[in-house]
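S.K.: Taken in order, these protein sequences are the chains called A and B.
Counting with this note's numbering, you get residues 4 to 486 for the letters of the first sequence.
Counting with this note's numbering, you get residues 4 to 486 for the letters of the second sequence.
Just so you know, not all the hints are guaranteed correct.
[Stated by the list, open to error] Lysine-lysine pairs mimicking DSS-like chemistry, simulated, CA-CA at most 30 Å apart:
{"id": "1", "chain 1": "A", "residue 1": "K372", "chain 2": "A", "residue 2": "K181"}
{"id": "2", "chain 1": "A", "residue 1": "K183", "chain 2": "B", "residue 2": "K485"}
{"id": "3", "chain 1": "A", "residue 1": "K438", "chain 2": "B", "residue 2": "K438"}
{"id": "4", "chain 1": "B", "residue 1": "K158", "chain 2": "B", "residue 2": "K122"}
{"id": "5", "chain 1": "A", "residue 1": "K438", "chain 2": "B", "residue 2": "K485"}
{"id": "6", "chain 1": "A", "residue 1": "K242", "chain 2": "A", "residue 2": "K452"}
{"id": "7", "chain 1": "B", "residue 1": "K142", "chain 2": "A", "residue 2": "K372"}
{"id": "8", "chain 1": "A", "residue 1": "K485", "chain 2": "B", "residue 2": "K122"}
{"id": "9", "chain 1": "A", "residue 1": "K181", "chain 2": "B", "residue 2": "K372"}
[Stated by the list, open to error] Residues from chain A shown here face chain B by an in silico Cβ test under 10 Å; the list is partial:
{"id": "10", "residue": "W345"}
{"id": "11", "residue": "E453"}
{"id": "12", "residue": "D455"}
{"id": "13", "residue": "P456"}
[Stated by the list, open to error] To spell it out: a stretch of chain A is covered by chain B in this simulated footprint if at least three of its residues, at any positions, have a beta carbon under 8 Å from a beta carbon of chain B; those stretches are:
{"id": "14", "stretch": "53 to 64"}
{"id": "15", "stretch": "140 to 154"}
{"id": "16", "stretch": "171 to 183"}
{"id": "17", "stretch": "438 to 445"}
Treat the hints as calculated values from the structure; they're not laboratory data.
Even glycine gets a Cβ: it sits at the ideal position worked out from N, Cα and C.
There are 2 protein chains.
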Amino acid sequence: MKVFQLLLLLVVTLTPITIGAPNRTPPLSPINRSLKRHTNVSATVSNDFKTYFYNQTLDHFNFNPESYATFQQRYIINSKWWGGASKNAPILAYLGAEGPIDDDVTILGFLTEHAPRFKALVVYLEHRFYGESNPVGLKGGPQSIEAIEESVKNKTIRGYFNSAQALADYAELLLHIKNKLHAHNSPIIVIGGSYGGMLASWFRLKYPHIALGALASSAPILYFDNLTPQDGYYSIVTKDFEEASENCYKTIKQSWNEIDRVASMPNGLAILSLKFKTCSAAQYNAPPRYPTTQICQAIDAASNATDIILDRVFAGVLAHTAKRPCYNMTQAVTQTSIGWQWQVCSEMVIPIGVTSNVSMFPSSPYDEKEYDDGCDKMFGVMPRPHWATTYYGGQNIRMILSKFGSNIIFSNGLRDPYSSGGVLEDISDTILAVKTTNGSHCLDILKSKETDPEWLVNQRKEEVKIIGRWFRKYYHNLRLLKQ
Amino acid sequence: MKVFQLLLLLVVTLTPITIGAPNRTPPLSPINRSLKRHTNVSATVSNDFKTYFYNQTLDHFNFNPESYATFQQRYIINSKWWGGASKNAPILAYLGAEGPIDDDVTILGFLTEHAPRFKALVVYLEHRFYGESNPVGLKGGPQSIEAIEESVKNKTIRGYFNSAQALADYAELLLHIKNKLHAHNSPIIVIGGSYGGMLASWFRLKYPHIALGALASSAPILYFDNLTPQDGYYSIVTKDFEEASENCYKTIKQSWNEIDRVASMPNGLAILSLKFKTCSAAQYNAPPRYPTTQICQAIDAASNATDIILDRVFAGVLAHTAKRPCYNMTQAVTQTSIGWQWQVCSEMVIPIGVTSNVSMFPSSPYDEKEYDDGCDKMFGVMPRPHWATTYYGGQNIRMILSKFGSNIIFSNGLRDPYSSGGVLEDISDTILAVKTTNGSHCLDILKSKETDPEWLVNQRKEEVKIIGRWFRKYYHNLRLLKQ
């Protein structure tokens with residue numbers, strides 16, 4: 004594995020996944036942003052979406068006058084279906100994650116598709132430091148990487164780039180929106196996917212007075228501080244491939260030795276992305292095309308044509324990138340890749356590794372020192388691996404939350420490697436796990452399609468049913484309160 | 004009132020209560036620290052109490068390398084009664100408030116008196132910036148005011164002097180203590196009084212994975228952001244005096260006009276402390292002597308001897324300070340007075356005022372601008388009056404918490420003026436209000452005495468019974484988990 008790791012260092016600033024230790028963490032995007040980055044986002048958004056900016060507190064937890072600095076936080080509102088403040092009609096609020104909010108507005112379906120039924124206001128809140136919500140200002144457009152690159156280097160402001168501050172932003176901003184609309188009694192459901200799903204569940208736990216409930220899609224809130232075995236992620240990738248095709252799984256498993264051998268050849272680097280491709284295929288293994296199956300079909304087909312293992316896996320990698328005229332070995336540098344890098348180097352320390360030979364990946368245990376050194380080198384910062392569990396918990400979650408907290412849906416697709424760190428069993432009558440055997444990352448909150456299989460349609464129905472129950476109880480209690 | 008207010012400004016740096024707008028907030032100490040400050044604290048603490056220091060994170064919510072600064076946080080452990088880690092024996096943790104922890108160790112009774120029954124470890128955690136837990140270091144001893152004076156002026160560090168950071172300290176430190184003792188499954192009950200009581204209830208709400216439950220004594224968590232009418236505090240002071248003696252109440256009520264007239268006389272300043280004395284008497288109106296009654300008895304006695312109203316109220320003021328050879332008009336400058344000043348000027352904005360003629364106090368409505376100007380003048384800082392309700396909630400508390408959260412006791416004595424901002428009704432089966440008609444500020448957690456009336460003995464019994472129930476459920480669930 005030494006040559007492999009050496010080469011990883013070469014691409015350290017290029018890709019969010021195949022790089023040095025802290026970068027091993029696969030990206031947590033609710034959507035596969037790398038596939039979407041050439042889309043002209045604004046063109047696909049209707050006029051019903053209005054963009055606003057809020058003068059947000061930069062540091063919620065410091066009361067030096069200097070800390071009263073603010074930045075412009077972007078949020079987008081669609082009031083087309085809203086029943087209005089006079090009816091206390093609800094608010095569906097999407098909590099932005101590690102990327103510009105524009106992508107989410109176009110790609111998500113959950114809020115806009117179910118708003119009419121609930122007569123809900125739809126709100127999208129952008130996460131600080133991404134998109135147009137960067138404290139250093141907007142440089143080169145919302146998808147540009149200039150501002151985020153500058154801000155993770157800026158020692159004065161990057162410290163405020165963390166989840167607790169982001170949650171406090173959402174708290175302040177949601178109260179601001181309610182005040183502005185005089186919607187003091189409108190219940191809010193917060194919705195998020197992946198890292199944003201973690202934020203949604205944490206928001207309900209930390210700010211129950213602001214959010215009535217949370218839909219946390221594909222939120223690996225237990226993938227911190229050894230709560231989940233480090234092998235969780237790659238075990239599921241392996242299982243996904245094994246289920247797609249036994250031959251495919253074996254071919255990939257055998258390929259790593261070959262890769263070691265050719266890694267010094269000119270095209271060696273390209274091969275390294277095999278790991279990324281397999282993970283990405285498993286994580287975003289969505290119907291109707293199922294990339295895992297696509298890769299395996301290509302590998303299996305190639306198995307009949309060639310004895311050379313690398314030719315076979317190449318066939319698979321190419322199948323997953325078929326639409327590009329030529330194969331580009333480096334992943335795009337995006338706001339997500341840069342910003343998330345900072346986040347995993349500070350507090351979002353998700354220890355993913357491969358310790359056993361059970362998976363199809365070569366052994367590569369999580370190495371805390373290597374991780375720390377990588378972060379030290381990159382940012383001059385030491386990660387706080389215990390902070391997430393100190394602030395948010397996770398230990399004995401069922402015992403802790405069975406009599407504390409309420410109204411959270413943890414939704415997962417069990418083919419998503421991150422589901423290994425998710426909440427997969429009901430915790431109480433109102434903290435519920437809604438899972439699908441064949442689902443992938445954040446599938447339930449994406450736009451629905453004609454081709455959606457029944458299990459996916461049903462998962463969404465179930466979620467809507469639960470949220471409807473929360474609303475009914477809320478309005479019942481509100482009536483009692485007003486009497 | 005103009006002369007009165009003018010004179011208030013003169014004593015602006017001297018007393019924590021009779022000064023300009025932000026200082027109007029009466030002190031929230033669980034104990035009347037001003038009465039205790041001459042006690043030789045260390046002499047009264049047995050050898051069972053061991054003092055430790057923890058290398059605490061200065062800023063939990065900032066990930067700049069610079070923010071990785073630490074300070075020494077003091078904590079005191081008494082393991083005399085502890086059943087040990089092997090038995091998962093519980094921990095009673097006192098969350099320090101706005102003063103050095105030494106006072107609490109000597110004056111509180113709740114933890115040490117009930118530890119034997121629960122076989123509990125007793126822990127006292129000092130609040131950051133007070134006592135020996137000041138980031139600028141220990142200067143002149145734990146009761147000295149040098150360090151705290153320096154730190155509220157220090158623009159680099161005073162910003163970290165707030166409740167959210169203090170709660171995060173307690174989270175980190177309690178986990179550290181559990182790790183050190185291998186007491187991973189020992190349940191923790193957090194206990195606090197007044198501001199510390201607010202911290203205890205907030206800690207249970209924000210860190211349910213660390214504290215199993217909270218005893219929040221005399222915690223006015225609803226005295227923020229207009230959740231409680233500003234008259235709440237002085238209305239109860241008035242009621243207390245009215246109940247003690249109708250004549251006494253009238254005398255005080257009539258005295259304010261007289262005070263206006265003599266305020267420019269040499270002894271005018273002394274008279275101003277009448278307001279402080281009456282509030283302090285009402286807040287700490289504890290058996291067996293009941294200062295409110297003492298004051299009123301003196302006023303009533305003087306009413307027979309003199310027609311001059313000011314002579315009568317003087318008699319009352321003197322009765323409450325009888326033990327001092329001569330009457331000192333200024334309140335002592337303590338760590339509490341200085342530190343709390345900073346806290347009320349940043350986030351602990353408790354709007355107390357007098358708007359009506361119903362109370363025995365002259366009209367003096369809460370004036371946000373005056374409050375802000377006072378803080379601006381004193382620290383160059385603008386208060387954030389909405390932050391406490393944004394971060395901790397409070398609005399519709401019964402509706403919000405009836406299906407969220409558990410295991411909190413809100414204890415109050417209804418003669419305590421701060422009980423007007425307390426939780427006085429049960430919210431759910433496990434979020435309970437334990438109140439006494441005749442109780443005063445934090446009475447239940449102070450050392451028990453032979454002379455304690457039955458209602459006080461019963462209040463404590465009730466609290467112990469509830470905590471016992473929490474423990475039994477916890478151990479039951481723990482056994483299920485281990486099976």
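S.K.: Determine which of the earlier numbered hints do not hold for this structure and return their numbers in increasing order.
M.R.: Numbers 1, 2, 3, 4, 7, 8, 11, 12, 13, 15, 17 - these are the hints that the structure violates, sorted from lowest upward.
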